[in-house]
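As given, the protein sequences belong to chains A, B, C, D, E and F, one line each in that order.
First residue of the first sequence? That's 1 in the numbering used here, and the numbers climb one at a time after it.
First residue of the second sequence? That's 450 in the numbering used here, and the numbers climb one at a time after it.
First residue of the third sequence? That's 899 in the numbering used here, and the numbers climb one at a time after it.
First residue of the fourth sequence? That's 1348 in the numbering used here, and the numbers climb one at a time after it.
First residue of the fifth sequence? That's 1460 in the numbering used here, and the numbers climb one at a time after it.
First residue of the sixth sequence? That's 1572 in the numbering used here, and the numbers climb one at a time after it.
It should be emphasised that the hints constitute simulated quantities derived from the structure, not laboratory data.
Each hint should be verified, as a subset may be incorrect.
A few chain B positions that, by computed beta-carbon distances, are all more than 12 Å from chain F [said to hold, decoys possible]:
| hint | residue |
| --- | --- |
| 1 | Leu-702 |
| 2 | Ser-744 |
| 3 | Ala-785 |
| 4 | Val-836 |
| 5 | Ala-843 |
| 6 | Ser-868 |
A few chain D residues facing chain E, derived, Cβ under 10 Å [what the hints assert, rightly or not]:
| hint | residue |
| --- | --- |
| 7 | Glu-1352 |
| 8 | Leu-1385 |
| 9 | Gly-1388 |
| 10 | Glu-1432 |
| 11 | Ile-1433 |
| 12 | Phe-1439 |
| 13 | Tyr-1441 |
Backbone N, C-alpha and C fix where the C-beta goes; we use that ideal spot for every residue, glycine too.
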Amino acid sequence: MRSIRHWLTGAVGAIALLAGAAPPALAAGGPAVDAGDTAFILVSAALVFLMTPGLALFYGGMVRRKNVLSILMQCFVIMGLVSVQWVLLGYTLAFGPDLGHVIGGLDWLGMNGVGQAPNADYAGTIPAAAFAMFQLMFAIITAALIIGAFAERMNFAAFVLFTLLWTTLVYDPLAHWVWGVGGWLRELGALDFAGGTVVHISSGVAGLVAALVLGKRLSLQREPVIPHNLPFTVLGAGLLWFGWFGFNAGSALAANGLAATAFLTTNTAAGAAALSWALAEWLHHGKPTVLGVVSGAVAGLVVITPAAGFVGPLSAVLMGLLVAPVCYWAVAWLKARLGYDDSLDAFGIHGVGGTVGALLTGVFADTAVNPAGFDGLLFGNPHQLLVQAEAVVAAWVFSAVLTFIILKAVGLLTPLRASEDDEEVGLDLSQHGEVAYQYADFAGEAHSA
Amino acid sequence: MRSIRHWLTGAVGAIALLAGAAPPALAAGGPAVDAGDTAFILVSAALVFLMTPGLALFYGGMVRRKNVLSILMQCFVIMGLVSVQWVLLGYTLAFGPDLGHVIGGLDWLGMNGVGQAPNADYAGTIPAAAFAMFQLMFAIITAALIIGAFAERMNFAAFVLFTLLWTTLVYDPLAHWVWGVGGWLRELGALDFAGGTVVHISSGVAGLVAALVLGKRLSLQREPVIPHNLPFTVLGAGLLWFGWFGFNAGSALAANGLAATAFLTTNTAAGAAALSWALAEWLHHGKPTVLGVVSGAVAGLVVITPAAGFVGPLSAVLMGLLVAPVCYWAVAWLKARLGYDDSLDAFGIHGVGGTVGALLTGVFADTAVNPAGFDGLLFGNPHQLLVQAEAVVAAWVFSAVLTFIILKAVGLLTPLRASEDDEEVGLDLSQHGEVAYQYADFAGEAHSA
Amino acid sequence: MRSIRHWLTGAVGAIALLAGAAPPALAAGGPAVDAGDTAFILVSAALVFLMTPGLALFYGGMVRRKNVLSILMQCFVIMGLVSVQWVLLGYTLAFGPDLGHVIGGLDWLGMNGVGQAPNADYAGTIPAAAFAMFQLMFAIITAALIIGAFAERMNFAAFVLFTLLWTTLVYDPLAHWVWGVGGWLRELGALDFAGGTVVHISSGVAGLVAALVLGKRLSLQREPVIPHNLPFTVLGAGLLWFGWFGFNAGSALAANGLAATAFLTTNTAAGAAALSWALAEWLHHGKPTVLGVVSGAVAGLVVITPAAGFVGPLSAVLMGLLVAPVCYWAVAWLKARLGYDDSLDAFGIHGVGGTVGALLTGVFADTAVNPAGFDGLLFGNPHQLLVQAEAVVAAWVFSAVLTFIILKAVGLLTPLRASEDDEEVGLDLSQHGEVAYQYADFAGEAHSA
Amino acid sequence: MKKIEAIVRPSKVEELKEALAKLEVRGMTIFDVMGRGLQRGEKQYYRGKEHTVDLFPKVKVELVCRDHWVERIIEVILKVCATGEIGDGKIFVYPLEEIVRIRTGERGEAAL
Amino acid sequence: MKKIEAIVRPSKVEELKEALAKLEVRGMTIFDVMGRGLQRGEKQYYRGKEHTVDLFPKVKVELVCRDHWVERIIEVILKVCATGEIGDGKIFVYPLEEIVRIRTGERGEAAL
Amino acid sequence: MKKIEAIVRPSKVEELKEALAKLEVRGMTIFDVMGRGLQRGEKQYYRGKEHTVDLFPKVKVELVCRDHWVERIIEVILKVCATGEIGDGKIFVYPLEEIVRIRTGERGEAAL
Ligand SMILES: Nc1ncnc2c1ncn2[C@@H]1O[C@H](COP(=O)(O)OP(=O)(O)O)[C@@H](O)[C@H]1O
Ligand SMILES: Nc1ncnc2c1ncn2[C@@H]1O[C@H](COP(=O)(O)OP(=O)(O)O)[C@@H](O)[C@H]1O
Ligand SMILES: Nc1ncnc2c1ncn2[C@@H]1O[C@H](COP(=O)(O)OP(=O)(O)O)[C@@H](O)[C@H]1O
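Only chain A is shown next, with the shape it has when bound in the complex:
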């Protein structure tokens, strides 16, 4: 009967062993768990988790009424899919023992050996399972960020396949490159405190490619496409900002001074960018908007993500002030100019903001803030900016090419776009058989038809 345990908890591990991987690295008698750090990382993981429902609202408020459920659906399905994929396969691909600097080995398949003891390679004072869960939340939100680009038109079945492939073939390797012990970008010395490259560039660029491959929404030329519920968007932004404290401060992987620094720079950059986006609008068309302010805040959070634990508060102010006008320009001008239909600006904010952030990290990084990092351009080390640029290019190219291939492959199996009729009626009703709101006093509305 004991063998059942082995079957159940060891089956996939066995596959790993057969695959010739080393036995699990973690053993009893390893480093001790610290309760304070563990409390901090578990709560941070919960905070990062909440970002995806937050994003669902942020995005969901921006689409038209007839598509809001499709956004919420995609976010929740990602939460389910990536959670299961990560436990079975993703975690070991990303953080398992390095294979050739590009991918993790299959040793920890099915969380085999990832338990209550710490894994000193990543975080020596918290249970390995806590680290794995914290990292999972990053994988979820990254996949979810992309959907903003193809909102209001993607076929649900294609979306499911795309997500599963993308998280496995793009996210997991990239996370390994940047954060995995032995990953080549990590060895190169690229700085990415909490995922500017891994999370924001990868998803933003994937979004751009998806927007290009799928083409424009039908109604885009014909009628104004306006957010149907801005209070949802603002609430979503509030949850994102809140969760981002877990994202960035939690990336210190301990409740220490570095976490406090990351918390401080995160909040400061968000605040500064909210203000500078509003200012850009005020100057540009005379009225600061709340959609602008929350977009700015998100852009500020994006830009500081790679830098949060490497820069000081005044650098955070500058980074925030700088990034918002760039993103504003990208969404208001560049998008119209180049003519891609990135519905909710996944690329314009995460791709552009993430790129700006990765580069500025190479400018503002300061070993006086974090001796474990490197100095940036401003502190006498122009080389770091180069390294950052290399990492940016690698992430762009990798995400763009793989996303393109995945979409083409998925497109062979099932249409990438919903049918024209379905798009017209709205994805909520056509893909999911549901309607978001019942306003009427009599029962049983449908939607635009």
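Given the structure of chain A, go ahead and fit chains B, C, D, E and F with the ligands onto it with the hints provided.
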């Protein structure tokens, strides 16, 4: 003047002493408070707290527009009522020194003696007050889960009486049986990590009984009764999932490896169940819905609740995959078949899911995960499944009988149901004199009349 | 090149030095950071942060549909403005080395010297940056509370100026008086655990003055002005209550027994006040409302704020029961009687509730709960009530006078109120060029005109 | 041809739809309106401020039909929607000059 | 009998209701509409994308009344709802053939 | 003068507005309605409970115009709004007795 302190903080304690109870068990010089564990439990308590507003949205979105405030009202009144009841009476009934294995003594009436020092019986590294607050949040959410069953038709005064009696006569004793030192189900060896029996079975079964006693909503046959605001429901589900990390991981009562394990199994089961509910729908009627996905996630969280700290991640995947189709069957088929009107499926998800979870805990429990637990059927101990079944039966019978008696008793004092007119107009306007939304551009709408 | 670091992280610090301030007090080798306490304070800071988005919903739901975005906008702009102001200037004004008992020196301008090591003056076991961030969140919510008083009519430019001046000239000094080492109210012995005076009285009184200076909304007499989305208000209240655990328990500045006590009293007072507001309504007009219950909960949270770490649970019950009817009377009778238009009752709840709380702290404070506090009237020390009254008067007068002056000064630069037309159309469209909801099936609505 | 406008209680709409379907009357257009008349309102309360509602949610059902159908339809509406309590609503009948089916361009009775 | 349809500014509805109540005209049915005419819109902005609104929220008030009441009601509407600025709205008057009170089945003037 | 009521698909409203603007017809009043006719509904599902919709969102466009404009406007509506699939909607034309511009009190054609 000193006597006032004694009067104020000791009055109810004095009653306890008169009642012949032992003096407070906690003294200075006891075990030391650990900051990490305390941080974790206080934050977990806050997370569990948030589940009730989350539930309010989850349920509130599912009712018709004219009843949404009555749902929110009931949730917030429960937050108030149970908070005060717990401090005055409930906590000592549930966790006070055992009387005859069925109830706690009155020693800690009014939180007398429940202070800043730990109570080693329950959690030796956190203040007793922190443990009491963490437990309070469970009492709140349990009472709140029930309202889904009698939504859209209960008389508010009856609801208030019912809640007060139910939490005192059902929840407090049951919590004692399962978690209290000396409680008979605890002594029996029943495993319930975070409240599958105490929270979900008890509330789900109470919901079923209430639905039967109150009868169907008037409009049920006449017209489609459709969720009025699914985005609220989805947001509510997001907050529930988020809060559930506190619920399950916090139930380790320390920020340690076990908490990390519980976090991992919790998230995994939720994700797997979200997927399998969607799949069941896809197969059954061709379209996965977002209401299905979030219902699945909640079912997954329910099923893993008793097991979270006793099973491994692959068992969590299986438990999640299994529970969703069962609950789907219960809400889509069983309910129609048996003809009770469990408005929002309090029974179908919490009663059914909780029962499945309690039993599956007896199958998948693994002492390799938690040596303080027992092995389940799969690991060579079929006896555990029997014990689990006993606990399930006890909780079912106890909750069903007591709920029935309480409802009948309340019905003698005040009608259980709102009047037909009031139900037609909607509970918001008729019971609370309020209207949820003002859509019109002119001021001052009423509601369906 | 090194000089750039000094320029960047030191520039404003240099100004401070030039201004003759002492060198930064913090040095390496100071007290050690405790991970548990740090985890708790960082998470508490995040919780308090979330209160402002929560307040945005709480307030936003109460205004008319055409003004909801202006509320959300003001909250988010405050988050941005105060975040940046605090890092650059506010923190050092409030907590910098004391100058004459009334203000902090400029030593920590731009967070100079506020780093990863603890500042033993305030919190010896957490990084100084964590303390600064925790305090920032109080500054944000305080400024945000005020907007309830002038909702639906303030000119956006005037609002921005007002906020910047108010946080600098009112909040920062007042925080120094009450909490700063050397602050005169602190030296006087006034008890204010988490900000009854600093946060609630100051903002509530500022709201009253602003309501008086700005005058009434145009439509107030002409038509009913009714909350447009009560579910938002209820959700906002849920987030406020949730965040308040960080606010009050976090104010222990460590994860210890005192934090647990504050958590307990906070939740208890909120629950009791929710009930007593409902009861007051039930007796007064026959129907308890959900707006009443959440208003009561907030009033209970306000009243316990100054007392949370100084009183026992039964005192918390009493304080909660007492405050709600007083606030109810203030909003339902006093406001109508005196005729000021405090749109969302910033004064009626925060000003009145805060005053009641500060005074009752002088009644119920108990050194048996917290030996670092003082006994109140009930425990033989009537003097404390006097001290509390002095602090209340000081806060009232200071906030009232300064707010009046600031408004008059701002009024010289730009009109305080939106134009009549703009108010009629709604601030969302007129000030921000946006519309909150798109209900129609055809695209592109405007708003009331 | 005539246009019948019935202002009815929202809770009667489903039943009315079914009753008309039995008459083989399927085509109709309906929307939410607020009505005022003899009906007296429930009071609302917001932080103690009383607010008496004098507009009630009603549903307007618009049906265009041949002349000789008018009485039959009125009869059905009366049967389904009359509760005997104030606020049941009204039926108005209007003349109408032309009908066009957009899909085909058909006119008059053929367009129904 | 006639049906008067007034399309007015939302902010005038309360006043209009009161003014009509003084005439002892209580019965009416109202609902939100969007109107387009000479009125020029405010601009909206969403992430820099400009969007000029040409539909304005109006309220339609429908009143069925006896013929000789028509002018009196028009007069009240003009008095209350005219601000002199573009966008004040229109009044349309229609013929009507029958009225039925659903509650009682009464017809014609008795049904008002 | 006549009143034209067109019940059309929501997705056609923008185009229709533009096409009419080309005719120099700017004034109109529009609102959301639910329509029922020959069109067959998509199914909805809520926790396994099927619910077939038989009311579809339509938009009603109301235009008051001079008599000789009626045909021209109908033509435009047909051109823009006909897709050939069931559910395209209807046009109804009504007589009308009086028009008043609230802003000025002008009557008749001058009020348009
Ligand atoms: N003169 C009228 N013109 C237009 N609509 C009316 C008129 N009188 C009543 N109504 C509509 O009919 C509804 C019911 O009228 P009411 O007088 O309350 O009850 P009843 O018709 O049962 O006597 C009102 O809510 C309103 O929508
Ligand atoms: N020809 C029309 N048919 C139907 N409704 C109209 C027509 N012209 C105007 N309206 C309605 O009247 C409202 C006011 O018209 P507008 O031309 O803007 O101002 P005014 O009537 O003050 O000159 C419009 O918003 C629209 O609802
Ligand atoms: N007899 C009628 N009275 C009023 N409105 C009608 C009538 N028949 C149809 N309609 C309206 O026209 C819309 C389209 O009608 P339908 O029969 O579905 O398609 P089609 O006109 O293309 O044949 C309906 O949704 C409804 O709003």
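Problem set entry | Ascending list of hint numbers which this structure does not respect | 2, 3 and 9
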